[in-house]
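Peer 1: Residues per chain are reported as follows:
Protein chains: 2
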Amino acid sequence: MARIIALHTHDVRFPTSLSLDGSDAMNPDPDYSAGYVRIRTDAADALEGHGFVFTIGRGNDVQVAAIRALDSHLRGRDVDEVLGDLGALWRELVHDSQLRWLGPEKGVMHMAIGAVVNALWDLKAKRAGKPLWQLLSAMSPEEIVGLVDFRYLTDVLTPEDALAILRQAEPGRARREADLLVEGYPAYTTTPGWLGYDDEKLDRLCREAVAEGFGQIKLKVGADLDDDIRRLGIARAACGPEVRIAVDANQRWDVAEAIRWMAALRPFDVAWIEEPTSPDDVLGHAAIARAIAPVPVATGEHMANRVMFKQFLQADALQVLQLDATRVAGVNENIAILLLAAKFGVPVCPHAGGVGLCEMVQHLSMFDAVSVSGSTEGRMIEFVDHLHEHFVTPVEVHGGRYRAPKAPGAGSEMLAGSLLGYAHG
Amino acid sequence: MARIIALHTHDVRFPTSLSLDGSDAMNPDPDYSAGYVRIRTDAADALEGHGFVFTIGRGNDVQVAAIRALDSHLRGRDVDEVLGDLGALWRELVHDSQLRWLGPEKGVMHMAIGAVVNALWDLKAKRAGKPLWQLLSAMSPEEIVGLVDFRYLTDVLTPEDALAILRQAEPGRARREADLLVEGYPAYTTTPGWLGYDDEKLDRLCREAVAEGFGQIKLKVGADLDDDIRRLGIARAACGPEVRIAVDANQRWDVAEAIRWMAALRPFDVAWIEEPTSPDDVLGHAAIARAIAPVPVATGEHMANRVMFKQFLQADALQVLQLDATRVAGVNENIAILLLAAKFGVPVCPHAGGVGLCEMVQHLSMFDAVSVSGSTEGRMIEFVDHLHEHFVTPVEVHGGRYRAPKAPGAGSEMLAGSLLGYAHG
Chain A
112 MARIIALHTH DVRFPTSLSL DGSDAMNPDP DYSAGYVRIR TDAADALEGH GFVFTIGRGN
172 DVQVAAIRAL DSHLRGRDVD EVLGDLGALW RELVHDSQLR WLGPEKGVMH MAIGAVVNAL
232 WDLKAKRAGK PLWQLLSAMS PEEIVGLVDF RYLTDVLTPE DALAILRQAE PGRARREADL
292 LVEGYPAYTT TPGWLGYDDE KLDRLCREAV AEGFGQIKLK VGADLDDDIR RLGIARAACG
352 PEVRIAVDAN QRWDVAEAIR WMAALRPFDV AWIEEPTSPD DVLGHAAIAR AIAPVPVATG
412 EHMANRVMFK QFLQADALQV LQLDATRVAG VNENIAILLL AAKFGVPVCP HAGGVGLCEM
472 VQHLSMFDAV SVSGSTEGRM IEFVDHLHEH FVTPVEVHGG RYRAPKAPGA GSEMLAGSLL
532 GYAHG
Chain B
112 MARIIALHTH DVRFPTSLSL DGSDAMNPDP DYSAGYVRIR TDAADALEGH GFVFTIGRGN
172 DVQVAAIRAL DSHLRGRDVD EVLGDLGALW RELVHDSQLR WLGPEKGVMH MAIGAVVNAL
232 WDLKAKRAGK PLWQLLSAMS PEEIVGLVDF RYLTDVLTPE DALAILRQAE PGRARREADL
292 LVEGYPAYTT TPGWLGYDDE KLDRLCREAV AEGFGQIKLK VGADLDDDIR RLGIARAACG
352 PEVRIAVDAN QRWDVAEAIR WMAALRPFDV AWIEEPTSPD DVLGHAAIAR AIAPVPVATG
412 EHMANRVMFK QFLQADALQV LQLDATRVAG VNENIAILLL AAKFGVPVCP HAGGVGLCEM
472 VQHLSMFDAV SVSGSTEGRM IEFVDHLHEH FVTPVEVHGG RYRAPKAPGA GSEMLAGSLL
532 GYAHG
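Here the protein sequences come in this chain order: A and B. Positions 112 to 536 (the working numbering) are the ones given, in order, by the first sequence. Positions 112 to 536 (the working numbering) are the ones given, in order, by the second sequence.
These are calculated hints, taken from the structure and not from any lab test. Take the hints with a grain of salt, since some may be wrong.
Note that identical chains are pooled: a pair holds if it fits in a single copy or bridges any two copies.
With a Cα cut of at most 25 Å, we get these calculated SDA-like pairs of lysine to any residue [as the list claims (entries may be wrong)]: (1) K454 <-> A367; (2) K454 <-> I370; (3) K454 <-> A398; (4) K454 <-> A426; (5) K312 <-> D153; (6) K454 <-> E368; (7) K517 <-> D140; (8) K241 <-> S130; (9) K312 <-> R355; (10) K241 <-> D338; (11) K241 <-> D153; (12) K312 <-> L292; (13) K241 <-> D172; (14) K517 <-> D309; (15) K241 <-> E192; (16) K312 <-> F455; (17) K454 <-> A199; (18) K454 <-> S529; (19) K517 <-> P505.
All values reported here derive from a predicted model rather than from experimental measurement.
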């Protein structure tokens, strides 16, 4: 019998603030970082499960401390038993009555649980010899429902509702999986649009994005309206009329300001406005969405948990759902969110502006396409072209599409040299 | 010029799980704890500012790590400058763009900011030689408004709205302050109602509460409906028909279950139902409130920030607002919440079931009575009679009322012997 012998943690920080990669109206100088965990076992296969929380610098040590606080839940446990019921493990961690007080189900402690849950899925997929998306896609509807905690969801989504959604997507699973392996999954790029880039760089990167085959780009906005108008003009001229241009305010505005600002950007045919205000403000987003329709509101990267997603969908406060691989409590909670989105017929376009997020969210979107929504229509995964070189299985994006990953695991494993070379403190 | 020279932290844990004090449907065995901070300066007065985050055991070390992450913001700073503009200091801490990623404005990092902000208020009040409630109550409306960050609130509460509320309460400040000094502030007691207590203890403690002069008690519910019905029967018989009995489910239910359960408790004339479901679920609480009216819904102790309180008020999802001294980012954010409650005419009955919370929230309620809502009508502070002996200025509750504190400070200072004697690890 194999046992979990250790949770090793790493405080990894990349000095991205030096080049202003990742700069936006709320985050002028991020240092892309990871509160990282490696789960080791005493199995003969020597496989490790890797997971992390994405942060942007200061406080990454707090995140690492939170991951370490979960060690006692896992050390010494039977590997097969833990991996055999990750739904039960999720409930055990999230509903630990004392740790729960630190959230509940939000912030540092909840994200730490996400890192550990994702690391366990990475280990499970490696042991199965499959990429995570194919491991999940092959599960029966009943098995998938067993991974989800429906607490606080049943007024909107019951286990029976979820089963019905998954059964409806069962026919055609094999064909959609084969299609993904051939054609990949649509992507859009945020690479041109960071707020700290000058106009010349913006223009050049827009033209490169179009030449590379992207059908949508995204620009950061919200610091200065005149700048935004000028930059959108440059981007529209560089991209031409056919390429979609989304904008992202990173929570910069209050409700009335968001509505005013978006009215001023109306001439540029904006594909969506992302994070117009506080990620906690269901009613605020709903008011903005009503006022600026038909421009869709997109949000989710800072949404704390499935209860918040539930309400945004109930209130029609978002029209594009942007889940994040490391903000909620890992794969299990993201499956709940995919099911909620499918219930409401809202497309999921994951957040991936960060280190390692592209590598991870592609598995969730491809699982969604095969076994949940059964569609890639109106769906895209964000792509940002930096820091992929630190991963064992970096994403491959060609012609504006993510190529389906084939390596076993969840995509979350960093190179040992990067863990060491960018160790903080 | 005096400077801040250190933030000393303490991981303090009391073994309350041994006696089941504090036990409820979600927290069967809490160990009341504090992630504690002492702010020291090099001033000749040798005064220290004390603050803490209340937790219930495991993870208290994570909370302490988060407080330590704020050290670099304060070490070496001019004490007068920092204390002279705590509104600016609040914004600096909450909007630190890198630390903000760990919330934003929720969970471990936000609560750590609360501990530090509260410690600074404790220091400011001690230096002024006043209890916090009198220090705050004497500020001008303009000064009070300057303490509040209105970001994400302006669709509901603008600085002008806040000024109008505070100016309306200016006449009568002196009289209400004098009344509080003579008569104190109404209290209710949770001491009888912990779920782990047997029927005999429940009956005895209910009778004691009535004899001591409390007009309201509170019972924990939500684990088993038959038990709840039996225990409510015992409590109602022990208290008589005049004493109000509130119940508290500690987030145990989904929406439909809450409505069903409360229908079954209807014969007992319940004063309010507290935390029927997830503290994040604005729309769920609104649905429950509509279904069980006229029984009021009370919540707030686990609400992450002012944006959540704003929405609960907008949606009429709560009728009794229970702020907590250490869940949001300290005194400044609680002033924002008091102003929101006043705007909607909703009574504030603070949460104080925890170590040191009674000592702290009394200052907020008394400030509210003097200078914000201008009323104690329909308002009560929770009282739980344990662990007060660990504080330098423990609360005094007689005849069912909090006596107005007269010692300088915010009430948050633990005895040095308790910090040492209950140090964890």
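Peer 1: Hint by hint, say whether it matches the structure.
Peer 2: Structure-based check of all given hints:
no.: 1; hint: K454 <-> A367; result: between (30 Å within a copy, 19 Å between copies)
no.: 2; hint: K454 <-> I370; result: between (28 Å within a copy, 24 Å between copies)
no.: 3; hint: K454 <-> A398; result: both (22 Å within a copy, 20 Å between copies)
no.: 4; hint: K454 <-> A426; result: both (14 Å within a copy, 24 Å between copies)
no.: 5; hint: K312 <-> D153; result: neither (50 Å within a copy, 50 Å between copies)
no.: 6; hint: K454 <-> E368; result: between (31 Å within a copy, 22 Å between copies)
no.: 7; hint: K517 <-> D140; result: neither (35 Å within a copy, 46 Å between copies)
no.: 8; hint: K241 <-> S130; result: neither (36 Å within a copy, 50 Å between copies)
no.: 9; hint: K312 <-> R355; result: within (19 Å within a copy, 67 Å between copies)
no.: 10; hint: K241 <-> D338; result: neither (47 Å within a copy, 49 Å between copies)
no.: 11; hint: K241 <-> D153; result: within (21 Å within a copy, 61 Å between copies)
no.: 12; hint: K312 <-> L292; result: neither (34 Å within a copy, 66 Å between copies)
no.: 13; hint: K241 <-> D172; result: neither (32 Å within a copy, 37 Å between copies)
no.: 14; hint: K517 <-> D309; result: neither (38 Å within a copy, 58 Å between copies)
no.: 15; hint: K241 <-> E192; result: within (19 Å within a copy, 59 Å between copies)
no.: 16; hint: K312 <-> F455; result: neither (39 Å within a copy, 49 Å between copies)
no.: 17; hint: K454 <-> A199; result: within (24 Å within a copy, 44 Å between copies)
no.: 18; hint: K454 <-> S529; result: neither (40 Å within a copy, 53 Å between copies)
no.: 19; hint: K517 <-> P505; result: within (11 Å within a copy, 63 Å between copies)
In this structure, the earlier hints numbered 5, 7, 8, 10, 12, 13, 14, 16 and 18 are contradicted, and the remaining ones agree with it.
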